[in-house]
Amino acid sequence: LDTLEKWVTEIFSEIPNNGLPKPSFGHLTQPFDTPEFHKLYRVVPIRKVHSLTITWALPPQEQYYRVKPLHYISWLVGHEGKGSVLSFLRKKFWALALYGGNGETGFEQNSTYSIFSISVTLTDEGYKHFYEVWCPAACFSCCSPKGWKDSCVPFCLQVAHVVFQYVKMLQRRGPDQRQVIWEEIQKIEANEFHYQEQTDPVDYVENLCENMQLFQKEDFLTGDQLLFEYKPEV
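First residue of the sequence shown? That's 1 in the UniProt record's numbering, and the numbers climb one at a time after it.
By construction, these hints were calculated from the structure, which means they are not laboratory data.
Treat the hints with care, as some may be off.
Calculated cross-link-like contacts (lysine-lysine; reagent style BS3-like; alpha-carbon spacing at most 30 Å) [stated by the list, open to error]:
id : residue 1 : residue 2
1  : LYS187    : LYS82
2  : LYS39     : LYS92
3  : LYS217    : LYS6
Beta-carbon label-pair distances, calculated as ranges [said to hold, decoys possible]:
id : residue 1 : residue 2 : range
4  : PRO21     : PRO201    : 25 to 33 Å
5  : ASP33     : TRP7      : 21 to 29 Å
6  : GLN177    : GLU14     : 53 to 61 Å
7  : PRO45     : GLN198    : 31 to 39 Å
These numbers come from a predicted model, not from an experiment.
Ideal Cβ positions, reconstructed from N, Cα and C, are used throughout, including at glycine.
The whole structure should be built from the sequences, with the hints applied where relevant.
Below, the structure written as structure tokens:
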């Protein structure tokens, strides 16, 4: 450790500190508020695969790194047990896999915006039912986990609508009654952090340098992995 400290001092001590503030682009709000973003795009893939990806542009979330609200939501969306979106879609033979979240890269999370995406790998049958524009609004009242009935399928239970209605249900019920879920996620992430495999030193240092630009100094080592505070209002 003393040798490493000596190397760092010798190499970086000559770099001048100009006392400049950290650049921020927080004033550039709503970068995706354009007609091009509010559309459905169909892309022909190179390989034979059907995938539906729904993307939301959100206010910047990096300031809430101690709460990690997007990680919490992705956990709920990606749940595969009874009552989940994927469980329902699999019963209909419409989907093979589903995942959602934020990649926490510079493009998906920064001082201007945060991106949250849900991607569904569709079956051939699921591709036929991934989106229907003629769905009557009156039928949406039954689109909740307890109300997903076969009689509604021709009208509102297409893949995209199931995803949107599940997210709407999470929003309506709120996180107040789900602290136990957040605490479960917190314990799992803590275990993964404590028992993680040793990484390449160069990659580890690079990750720490990035964390130094994003987190408080006491969270340089853990800010990108652990959950610290439960705040339902966030």
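Practice task
Identify every previously stated hint that the structure contradicts and give their numbers, smallest first.
Solution key: 5
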